[in-house]
Amino acid sequence: AQSVTQPDIHITVSEGASLELRCNYSYGATPYLFWYVQSPGQGLQLLLKYFSGDTLVQGIKGFEAEFKRSQSSFNLRKPSVHWSDAAEYFCAVGRGGGADGLTFGKGTHLIIQP
Amino acid sequence: DTAVSQTPKYLVTQMGNDKSIKCEQNLGHDTMYWYKQDSKKFLKIMFSYNNKELIINETVPNRFSPKSPDKAHLNLHINSLELGDSAVYFCASSQEVTPGQPQHFGDGTRLSIL
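Which chain is which? The protein sequence lines are A and B, in order. Counting from 715, one number per residue, gives the positions in the first sequence under the working numbering. Counting from 56, one number per residue, gives the positions in the second sequence under the working numbering.
Calculated from the structure, these hints are not laboratory results. Wrong hints could be hidden among the right ones.
Pairs of lysine-lysine, DSS-like flavour, derived with a Cα cap of 30 angstroms [as the list claims (entries may be wrong)]:
(1) K782/A - K126/B
(2) K820/A - K99/B
(3) K91/B - K64/B
(4) K782/A - K95/B
(5) K782/A - K64/B
(6) K96/B - K775/A
(7) K126/B - K74/B
(8) K122/B - K782/A
(9) K77/B - K820/A
(10) K763/A - K64/B
(11) K77/B - K107/B
(12) K95/B - K763/A
(13) K775/A - K122/B
(14) K126/B - K91/B
(15) K91/B - K775/A
(16) K77/B - K99/B
(17) K74/B - K107/B
(18) K782/A - K96/B
(19) K77/B - K763/A
(20) K99/B - K74/B
(21) K99/B - K763/A
(22) K782/A - K74/B
(23) K64/B - K820/A
(24) K775/A - K74/B
(25) K91/B - K820/A
(26) K107/B - K775/A
(27) K782/A - K107/B
(28) K775/A - K95/B
(29) K64/B - K99/B
(30) K95/B - K77/B
(31) K763/A - K74/B
(32) K763/A - K96/B
(33) K64/B - K107/B
(34) K96/B - K126/B
(35) K820/A - K74/B
Selected chain B positions facing chain A (Cβ under 8 angstroms, derived; list incomplete) [what the hints assert, rightly or not]:
(36) P63
(37) Y65
(38) L66
(39) Y88
(40) S94
Cβ atoms here follow ideal geometry from the backbone N, Cα and C, with glycine treated the same way.
Generate the whole structure from the sequences, applying the supplied hints.
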């Protein structure tokens, strides 16, 4: 069965600093990988996705993620964070298609210091 | 226009009651889902429907009964509510003709059991 691990429960960064959120997955086949962001009281918004091809994918809000098959990782990065980036970030793996849904990591809570 | 809309946004009720949450998507997707987010923000899939047919039932108690009158709607009815049902419930939709399509989420329904 597939699983997703986000090892950092909380991360605090200063505004303007760079950010990297870690995600490791376990899946037997080619994974479909996603990063979602959840602002307080809101639903989940898709930041970016990886299906195949270029292992560095660009998303919205200046985020990017790199798929590394050898490390089973899909880390999310942003060169310079803004206070509005404070939110909960979820990494997810597609469960194989055919309406199988997503398996989520437990999330990383991002705090931005002024 | 809201792509995936859920009603109500908040639901406060007493143990033992029966309640329903409605979900509608206007994206033309053929697959809809219900997820449960617990107090630690962990998201877990409950059900998925593809063209009104149940695909996934993730060992959810049979007090939970999803109903899909058409492929744009997936409602969730909960009987005999228990304290442990307190959570945020998210509806989502996707187009699963091609596996691994991203899911679009509603803003969630926060269910509180007194």
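Does K74/B lie within 30 angstroms of K126/B when you go C-alpha to C-alpha? holds (22 angstroms)
Measure nothing beyond the straight line between the CA atoms of K91/B and K820/A; if it is 30 angstroms or shorter, mark the hint as holding. holds (13 angstroms)
Is the Cα-Cα distance between K64/B and K820/A 30 angstroms or less? holds (23 angstroms)
Given pair status - K74/B, K99/B, alpha carbons within 30 angstroms: holds (20 angstroms)
For a C-alpha distance cap of 30 angstroms, please report whether K820/A and K74/B respect it. holds (28 angstroms)
Please work out if K820/A and K99/B have their alpha carbons no farther apart than 30 angstroms. Given pair K820/A, K99/B holds - Cα atoms ~10 angstroms apart, limit 30 angstroms.
Holds or violated: K775/A to K74/B, with C-alpha atoms at most 30 angstroms apart: Distance ~38 angstroms between K775/A and K74/B Cα, so the pair is violated.
Interface hint outcome for Y88/B [beta carbon to chain A under 8 angstroms]: holds (5 angstroms)
Sort out whether K99/B lies within 30 angstroms of K64/B, counting only the CA atoms. holds (19 angstroms)
Could you grab the alpha-carbon distance between K763/A and K96/B and see if it respects the 30 angstroms cut-off? holds (21 angstroms)
Quickly compare the C-alpha distance for K74/B and K107/B to 30 angstroms and report which way the hint goes. holds (21 angstroms)
Taking 8 angstroms as the limit, does the beta-carbon of S94/B come near enough to a beta-carbon in chain A? violated (12 angstroms)
This entry does not satisfy hints 1, 5, 8, 13, 22, 24, 26, 27, 31, 36, 37, 38 and 40, going by the numbered hints stated previously.
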